[in-house]
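Asker: Residues per chain are reported as follows:
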Amino acid sequence: MKNDRRTFIKLAGIAAAGIAVAPKAMASSGQSPVKVNANAVHAKHWAMVIDTTKLHTEEKIAKLAEVCHAIHNVPNVEGNKEVKWLWSDAYAHTFPEQENPHLSEEVHQRTFPLLCNHCENPPCVRVCPTKATYQRPDGIVAMDYHRCIGCRYCMAGCPYGSRSFNWGEPRKNLDLEKLNPEFPTRMRGVVEKCNFCVERLAIGKQPACVEASEGAIVFGDLRDPDSEVRQVLRERFTIRRKPTAGTEPSVYYII
Amino acid sequence: MKMHYGFPIIAGLLIFIALLCAPFAMGTAVTKEYKQPELKLPAGEKECIESKEFMREKHMQLLNDWRDWALRDGKRTYTNHKGKEFTISLQNTCMKCHTNKAEFCDKCHDDAGVSPYCWDCHIQPEGLK
Ligand code: SF4
Ligand code: SF4
Ligand code: SF4
Chain L
1 MKNDRRTFIK LAGIAAAGIA VAPKAMASSG QSPVKVNANA VHAKHWAMVI DTTKLHTEEK
61 IAKLAEVCHA IHNVPNVEGN KEVKWLWSDA YAHTFPEQEN PHLSEEVHQR TFPLLCNHCE
121 NPPCVRVCPT KATYQRPDGI VAMDYHRCIG CRYCMAGCPY GSRSFNWGEP RKNLDLEKLN
181 PEFPTRMRGV VEKCNFCVER LAIGKQPACV EASEGAIVFG DLRDPDSEVR QVLRERFTIR
241 RKPTAGTEPS VYYII
Chain H
1 MKMHYGFPII AGLLIFIALL CAPFAMGTAV TKEYKQPELK LPAGEKECIE SKEFMREKHM
61 QLLNDWRDWA LRDGKRTYTN HKGKEFTISL QNTCMKCHTN KAEFCDKCHD DAGVSPYCWD
121 CHIQPEGLK
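Keeping their order, the protein sequence lines are chains L and H. Each residue of the first sequence is one higher than the one before, counting from 1 in my numbering. Each residue of the second sequence is one higher than the one before, counting from 1 in my numbering.
Incorrect hints may have been included.
[What the hints assert, rightly or not] When the alpha-carbon atoms are kept at most 25 Å apart in a straight line, the in silico PhoX-like pairs for lysine-lysine are as follows:
no., chain 1, residue 1, chain 2, residue 2
1, L, LYS81, L, LYS60
2, L, LYS205, H, LYS96
3, L, LYS81, H, LYS129
4, H, LYS96, L, LYS35
5, H, LYS101, L, LYS205
6, L, LYS178, H, LYS129
7, L, LYS63, L, LYS178
8, H, LYS96, H, LYS129
9, L, LYS44, L, LYS63
10, H, LYS107, L, LYS35
11, L, LYS60, L, LYS242
12, H, LYS129, H, LYS40
13, H, LYS107, H, LYS35
14, H, LYS96, H, LYS107
15, H, LYS101, H, LYS129
16, H, LYS35, H, LYS82
17, H, LYS75, L, LYS178
18, L, LYS35, H, LYS40
19, H, LYS40, L, LYS172
20, H, LYS35, L, LYS131
21, L, LYS63, L, LYS172
22, H, LYS107, H, LYS84
23, L, LYS35, H, LYS129
24, H, LYS96, H, LYS82
25, L, LYS63, L, LYS205
26, H, LYS96, L, LYS178
27, H, LYS35, L, LYS35
28, H, LYS2, H, LYS52
29, H, LYS58, H, LYS46
30, L, LYS54, L, LYS242
31, H, LYS52, L, LYS172
32, H, LYS96, H, LYS84
33, L, LYS35, H, LYS58
34, H, LYS75, H, LYS40
35, L, LYS205, L, LYS35
36, H, LYS82, H, LYS107
37, H, LYS2, H, LYS46
38, L, LYS205, L, LYS81
39, H, LYS75, L, LYS44
No wet-lab data here; the hints were simulated from the structure.
Work the whole structure out from these sequences, hints included.
Answerer: As structure tokens, this is what we get:
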């Protein structure tokens, strides 16, 4: 009698485990209808190194921003309601914690390209109540605009001002003749930012700003010691923005 | 007991009930006349991503899954029930065949009284004016 009950409980346990496991097992046995694009490029953790000895003028950076904004249909708004994925600023605003009164004149006068840092420890992801902002396993901090409710917690959370809010209807500030028909626009009331060009990585391309930078930006896998990114980091002196914020940016600046 | 004003009361009741039922009676008349919208199907393509029945019933669930697979899981290639592969993209796959939103999407959506907000962001194949 005792034995019977034990057998029953054991069998019930196995059956329950079976039910829990079954759908996953089915998915992995070739039944899953989705897979990664065949020509996509992969990394354990994507990172970017920007050489500010080569890329340090407003004009050069504006050219890259133009490319980025054109392919992503980023609206062109003047003033404090601007929307930006890639922009530029002075040393004091870029590295406020690393300023000193006797900084090399030349470095101090450079202009620095800025974008979302795709932080390893991103506060924007932590505070987003809808998980519209999330971190992919490859480190990219992505946005699902379908889910954004425009609460702007992420903007308060980001120490780098990397996010823009769409105060108005974005399409009113876009040249509708020149839209990139391959990429959507956004709607009013959502936040947007640089996406490390996930849509390009998915088809085997490099980010658009990297491609347009003529070698001033290197992009690759931070976890691969043989990657170009790691090689540059080994050889050159680099800093990251606002280290005390503890967000561990994946964008590095060669000084 | 004799009922005062019996006739007006009964007549009033009958009119009242007739009015109550009118929408249902008229409604059946209207629904009987309903015709399925005539969609403009793609010229070059015979088969959709999945069967006609599946798409008719479930395209919204499919698009919902597609969105999460592409954005969240980074998986952008979909294999259909027959083993054919498609790139997951409303704008770049669906709308490359269904090149006219007004002649396809809107027809059913208008009749069904739904206005999905896909086009607030995704660019319709005709482009924006
Ligand atoms: S830079 Fe700002 S928006 Fe980008 S991942 Fe870091 S905290 Fe988030
Ligand atoms: S504005 Fe959007 S992305 Fe930012 S925290 Fe709110 S829901 Fe998340
Ligand atoms: S990585 Fe792509 S999205 Fe980000 S700034 Fe460069 S071009 Fe723009």
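Asker: Now, for every hint given, state plainly whether the structure supports it.
Answerer: Each hint, compared with the structure:
| no. | hint | result |
| --- | --- | --- |
| 1 | L:LYS81 to L:LYS60 | holds (23 Å) |
| 2 | L:LYS205 to H:LYS96 | holds (22 Å) |
| 3 | L:LYS81 to H:LYS129 | holds (24 Å) |
| 4 | H:LYS96 to L:LYS35 | holds (21 Å) |
| 5 | H:LYS101 to L:LYS205 | violated (30 Å) |
| 6 | L:LYS178 to H:LYS129 | holds (11 Å) |
| 7 | L:LYS63 to L:LYS178 | holds (17 Å) |
| 8 | H:LYS96 to H:LYS129 | holds (19 Å) |
| 9 | L:LYS44 to L:LYS63 | violated (30 Å) |
| 10 | H:LYS107 to L:LYS35 | violated (33 Å) |
| 11 | L:LYS60 to L:LYS242 | holds (24 Å) |
| 12 | H:LYS129 to H:LYS40 | holds (22 Å) |
| 13 | H:LYS107 to H:LYS35 | holds (12 Å) |
| 14 | H:LYS96 to H:LYS107 | holds (18 Å) |
| 15 | H:LYS101 to H:LYS129 | holds (14 Å) |
| 16 | H:LYS35 to H:LYS82 | violated (32 Å) |
| 17 | H:LYS75 to L:LYS178 | violated (29 Å) |
| 18 | L:LYS35 to H:LYS40 | violated (31 Å) |
| 19 | H:LYS40 to L:LYS172 | violated (30 Å) |
| 20 | H:LYS35 to L:LYS131 | violated (42 Å) |
| 21 | L:LYS63 to L:LYS172 | holds (23 Å) |
| 22 | H:LYS107 to H:LYS84 | violated (28 Å) |
| 23 | L:LYS35 to H:LYS129 | violated (36 Å) |
| 24 | H:LYS96 to H:LYS82 | holds (21 Å) |
| 25 | L:LYS63 to L:LYS205 | holds (19 Å) |
| 26 | H:LYS96 to L:LYS178 | holds (19 Å) |
| 27 | H:LYS35 to L:LYS35 | violated (40 Å) |
| 28 | H:LYS2 to H:LYS52 | violated (67 Å) |
| 29 | H:LYS58 to H:LYS46 | holds (19 Å) |
| 30 | L:LYS54 to L:LYS242 | holds (22 Å) |
| 31 | H:LYS52 to L:LYS172 | violated (37 Å) |
| 32 | H:LYS96 to H:LYS84 | holds (17 Å) |
| 33 | L:LYS35 to H:LYS58 | holds (21 Å) |
| 34 | H:LYS75 to H:LYS40 | violated (31 Å) |
| 35 | L:LYS205 to L:LYS35 | holds (18 Å) |
| 36 | H:LYS82 to H:LYS107 | violated (28 Å) |
| 37 | H:LYS2 to H:LYS46 | violated (76 Å) |
| 38 | L:LYS205 to L:LYS81 | violated (31 Å) |
| 39 | H:LYS75 to L:LYS44 | holds (16 Å) |
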